[in-house]
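Going by the numbering used here, the sequence shown opens with residue 1, and the numbers climb by one from there.
Since the hints were derived computationally from the structure, they do not count as laboratory data.
Bear in mind the structure is a predicted one, so any value in this text is a computation, not a measurement.
Glycine included, each C-beta is placed from N, C-alpha and C at the ideal position.
Heads up, some of the hints might be wrong.
Said to hold, decoys possible - Derived CB-CB ranges, DEER-like:
id	residue 1	residue 2	range
1	R273	G303	14 to 24 Å
2	S39	R315	40 to 50 Å
3	E369	T232	33 to 43 Å
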Amino acid sequence: MALLLVPLGGCGPIREGPTTEGGVVRQGVPSSFVFGTDSSEVDGLAATVVTDAQDYWRGQFRRSFGRSWHDLDGGFHSVDTTDEDAQPPPCASDITELTGNAYYCATVDAIAWDRAALLPVLRAHYGESAVVLVLAHEIGHAVAHRLGSDDAGSPPLMVETTADCYAGSYVRWVVDGGSERLRMDSAGLDSALRALISFADPVEREADAHGSAYDRASAFQDGYTNGPRVCTEAREFSGEWATGGGPRGNRDVPTLLGERVPAIRGYFGELVRQRGARWNPPRVVASDTAGCDGAGIITRCGGNVIAVDRERLRRSTYELGDQAAETPLIGAFATTALESIDPSTRRARRFSVPCLTGAYTGHLVRDTERASGSDLNEAVRAVLSGDTTSRELFGTDSASGFEEFRAFRSGVAGTAESCL
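The whole structure should be built from the sequences, with the hints applied where relevant.
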């Protein structure tokens, strides 16, 4: 199954600059067993990952499924897709079929990757942890193949997210220190998740679907949190309950502020009143007239004011989508609502704000025509963006994006009441 490094429909990939993440390799493995290797550093990283992942599954496969694991019969294949004389790997008739890709070939039980236009790009923009995740995903297909859950009748969306789920269980082992070869911390985990959602599929795409950003990140998180057995269970996908149709054009900033803010204000006002508290909605004003300091797109100021940097909001709308730009606004109103309900316990409810943000986003996607599954994708990108000011707004500035997304998911799947 190919893993395509393509942007989400209608938007470019997350603007991730050169990463400062430390290396993930504790003890490297020579790439001499890899077919076609040039013994480069990136092939050494790949060889270390696939060796380590197979060691994990050698033990975990029997514990989880009561079966013996056997290493891939067809081995591993590295291809320089810029070399016109290179030989195509298994399951490909031409090297261009691998350009920017990695895939699992079930017919010969092999994995191939592009060492020229995939792995170095992932490493440069998202860090070495992204390479770990991509190859763990392909090993995940081998896991599913051994369990017989990747047959021709399986929906592609289920096949791909199942591989994400298995990848999550392996990555958890690495993060927890189970691997002697690799290491990964919370920063690396967040970078890997950002890479994962950058090659998610548009929601409306049907053929060869890998899954939306929400579906992919959710599947990975399920495997990470609950282990590999959960990956064999039935899964609900966002396309099954999103009511707003496919993607639509982005709203401009005046429309975003003029039409969306009243709906957000009304939603959280009703929540506060249902809890028997007084709702004093904040005013939304332009940053240059707010008279308060703040470095973010959205800043909560004294005097019950939300200051908006309209130019940065416009750029966010262009780069990530209007729902991504709206997400910190939702978070600002959610914070005000939480403080209105019970200001003394806000810090004890550390993840209530991202949860409430998810609850409102889920309400939009499930219950109204004002948002679609594509909008949910944009919100996920905002939550996982790594923007420090957004985390400060959510009251989770010391948390990881992974933890914030878990809270956001809880809200999407539940209700605002369930976040309190």
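Is 33 to 43 Å respected by the C-beta to C-beta distance linking E369 and T232? holds (35 Å)
For the pair R273 and G303, does the Cβ-Cβ distance stay inside 14 to 24 Å? For R273 and G303 the Cβ distance comes to about 22 Å; the hint holds.
Lying within 40 to 50 Å: is that true of the beta-carbon distance S39 to R315? For S39 and R315 the Cβ distance comes to about 43 Å; the hint holds.
Hint compliance for this structure: no hint is broken.
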